[in-house]
Amino acid sequence: MIELHDIRRTYVLGDEVVHALDGADETIADGEHVAIMGPSGSGKSTLLNMIGCLDRPTSGSYRLDGREVGQLSDEELTRIRREQIGFVFQFFHLVPRLTAAGNVELPLLFGGAPRGERRRRVAEALAAVGLSPRTEHRPDQLSGGERQRVAIARATVTRPKILLADEPTGNLDSKSGTQILELLDRMNDEGLTLVVVTHDPNVARRADRVVLMVDGRIARRMKGSEVPAIVVA
Amino acid sequence: MSVADLVLFALRSLLGHRLRTVLSLVGMSIGVGAVILLTSLGEGARRYVTDQFSSIGSNLVIVFPGRNETTGFFPGSIGVPHDLTLEDVEAVLRSVREVARIAPVVVGQETVSYRERRRTVPVMGTTRDLMVVQEFGMAAGSFLPAGDLRRGAPLVVLGSETARELFSGGEQPIGAAVRIGDRRARVIGVIEPRGLQVGVDFDDIAVIPVVTAMQLFNRSSLFRMILQIRSHADLETARRNVRQVLIERHDGEQDFTILTQDAVVDTLGTILGVLTLALVAIAAISLSVAGIGIMNVMLVSVSERTSEIGLLRAIGARRRQILAVFLAEAALLSTAGGVLGVVLGASGALAVVVLYPEFPAQPPWWAVVAAIAVALGFGLLFGTLPARRATTLDPIEALKKA
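Heads up: the protein sequence lines correspond to chains F and R, in order.
Everything in the first sequence is counted per this note's numbering, starting at 1 for the first residue and increasing by one.
Everything in the second sequence is counted per this note's numbering, starting at 1 for the first residue and increasing by one.
A couple of the hints might just be wrong.
What the hints assert, rightly or not - Here are the simulated lysine-lysine pairs, DSBU-like style, with alpha carbons at most 30 Å apart: (1) F:Lys161 with F:Lys175; (2) R:Lys401 with F:Lys175; (3) R:Lys400 with F:Lys161; (4) F:Lys223 with F:Lys161; (5) F:Lys175 with R:Lys400; (6) R:Lys401 with F:Lys161.
Stated by the list, open to error - Simulated DEER-style distance windows between Cβ atoms: (7) R:Val339 with F:Ser143: 23 to 29 Å; (8) F:Glu190 with R:Val369: 33 to 39 Å; (9) R:Val339 with F:Asp185: 40 to 46 Å; (10) R:Val353 with F:Gln141: 28 to 34 Å; (11) R:Val300 with F:Thr27: 44 to 50 Å; (12) R:Leu381 with F:Arg56: 29 to 35 Å; (13) F:Thr27 with R:Val26: 55 to 61 Å; (14) R:Val300 with F:Glu182: 54 to 60 Å; (15) F:His5 with R:Val289: 57 to 63 Å.
To be clear, the hints were calculated from the coordinates, so they are not data collected in a lab.
All residues carry an ideal CB built from backbone N, CA and C; glycine is no exception.
Could you build the full structure based on these sequences and the hints that come with them?
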């Protein structure tokens with residue numbers, strides 16, 4: 001359960017104070033699929049990072065499963081990221097020198113899982129995203145869609161409760177994008193809480209709920225099915 | 001994360017950035033190699049000279065007339081040094097039991113001739129003991145006969161080159177009659193060639209009994225006396241006792257100088273130590289340059305991998321773990337560079353030894369230890385400083401840096 005109440009996040013840029021989040025409220029239940037939409041600079045990525053414990057609110061309350069995140073130490077936040085949260089980024093952020101398997105192994109490696117277990121779970125995670133035949137390929141030998149699937153395998157190999165995706169299809173062609181979205185949907189069906197930041201209404205339509213952000217606040221809420229589809233001829 | 005996993009991860013990342021790794025290894029090993037090679041040369045020079053000096057003979061004390069210190073004017077002291085005489089030699093032999101033997105030495109320049117051939121060489125008056133003290137062998141015949149210090153004889157022993165020059169017609173030197181100045185002498189031996197040795201060239205010389213030489217040069221004082229001490233441990237005692245005996249005989253004045261071989265070698269060792277130090281300084285500069293090279297490589301490595309650091313933070317790697325990864329990389333890199341450098345420097349020293357076998361170039365252990373330690377220190381310091389800064393960056397900021 002993700003509970004955000006009156007979250008504010010301000011940055012100081014030179015002499016200017018930027019209000020990236022300006023009193024956002026939102027509650028996301030376990031297993032929900034939520035899309036965050038909004039124009040550039042509306043604070044949707046900041047909100048996602050906040051949920052992912054990569055950032056801490058300047059004021060307000062963020063409770064994750066009842067624990068107040070703002071009061072946790074850096075070490076505890078790191079632990080939450082490692083055990084409960086998976087991240088998928090627009091630009092994949094794979095380590096170029098490591099193979100698909102090596103990239104997927106990273107969270108387990110730094111989490112201290114023993115070698116045998118790591119190997120088994122990496123194989124499972126890569127199988128789940130349909131990449132079993134390409135485990136020993138390096139990122140530059142994979143297509144964009146395959147790279148994002150490696151990233152999803154890496155995000156889910158620790159079996160987190162929450163998967164956070166920032167424009168997961170923003171850098172993919174529509175066919176690979178659809179495959180990625182179907183994959184995420186399937187994982188959500190299996191109980192994973194899914195929060196997706198997107199510009200694309202076709203991505204948002206798949207969500208249970210959509211929140212629309214403007215100027216650091218949640219301006220509108222709707223059902224995914226209420227988002228108008230954009231048909232590209 | 002286990003240590004093995006950590007090292008493996010660090011190793012993979014070094015192998016993954018091959019060019020950068022090779023470049024820093026090259027820089028590092030050249031720096032370390034320079035230190036090792038230069039100190040090897042310095043150490044080789046020191047040992048070469050020390051060896052030369054110890055080949056003069058062992059356990060030696062040298063006494064010569066006059067003081068080598070500046071003296072003021074003392075009322076009652078006339079300041080004219082006493083001669084160092086054969087009586088002094090006998091007195092020392094009689095009363096200092098640590099002294100095994102004494103070779104008195106008188107030296108002058110004189111022309112030695114055989115038939116029409118003439119050659120002006122140093123003529124040394126001494127006794128049979130010189131041969132033992134200076135440890136030289138004979139190419140032919142024998143050295144001066146043993147016996148009474150004061151008995152002169154018309155005998156001469158020639159240096160190998162002197163003999164070769166005078167007897168160039170293929171005649172046998174042994175038994176031949178030569179002239180030294182206006183005196184006749186019979187050649188009884190030729191000294192084995194041994195090359196130049198600190199000061200005295202025993203290859204181009206004529207050696208005659210000490211009394212004969214004193215008459216020849218009309219001298220009452222010895223040029224010096226070379227004392228051989230029974231055991232190295234007694235060197236200092238012997239020096240003191242010799243001094244005592246001679247002062248007594250010279251009316252309470254120390255108008256002579258006593259040198260022990262150790263003191264000479266020590267002085268030279270000090271000089272060469274300074275030389276080595278200078279080489280070390282040069283080497284240290286090259287090592288620092290190598291260190292700065294490592295610093296740059298590490299700096300680039302960390303800034304190139306800022307986004308990787310951000311990613312690792314996002315997927316739940318601890319700051320300490322990330323730091324440990326960079327530390328392990330720096331440690332692997334500098335250890336490899338250090339070892340490679342030692343191998344490089346030692347091979348250089350070996351090449352010198354192969355080319356010049358008489359020059360004992362060998363890396364001193366302290367240089368090996370210091371070079372590796374400095375390499376490691378530089379590597380670890382400059383390897384982790386940028387990483388430490390990068391891990392304190394906001395993970396999101398770090399991630400955005402592609």
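So, going through the hints one by one against the coordinates:
no.	hint	in the structure
1	F:Lys161 with F:Lys175	holds (27 Å)
2	R:Lys401 with F:Lys175	holds (28 Å)
3	R:Lys400 with F:Lys161	holds (25 Å)
4	F:Lys223 with F:Lys161	holds (22 Å)
5	F:Lys175 with R:Lys400	holds (26 Å)
6	R:Lys401 with F:Lys161	holds (28 Å)
7	R:Val339 with F:Ser143: 23 to 29 Å	violated (43 Å)
8	F:Glu190 with R:Val369: 33 to 39 Å	violated (60 Å)
9	R:Val339 with F:Asp185: 40 to 46 Å	violated (55 Å)
10	R:Val353 with F:Gln141: 28 to 34 Å	violated (51 Å)
11	R:Val300 with F:Thr27: 44 to 50 Å	holds (46 Å)
12	R:Leu381 with F:Arg56: 29 to 35 Å	holds (32 Å)
13	F:Thr27 with R:Val26: 55 to 61 Å	holds (59 Å)
14	R:Val300 with F:Glu182: 54 to 60 Å	violated (41 Å)
15	F:His5 with R:Val289: 57 to 63 Å	holds (58 Å)
When the structure is compared with the earlier hints, violations turn up for hints 7, 8, 9, 10 and 14 and for no others.
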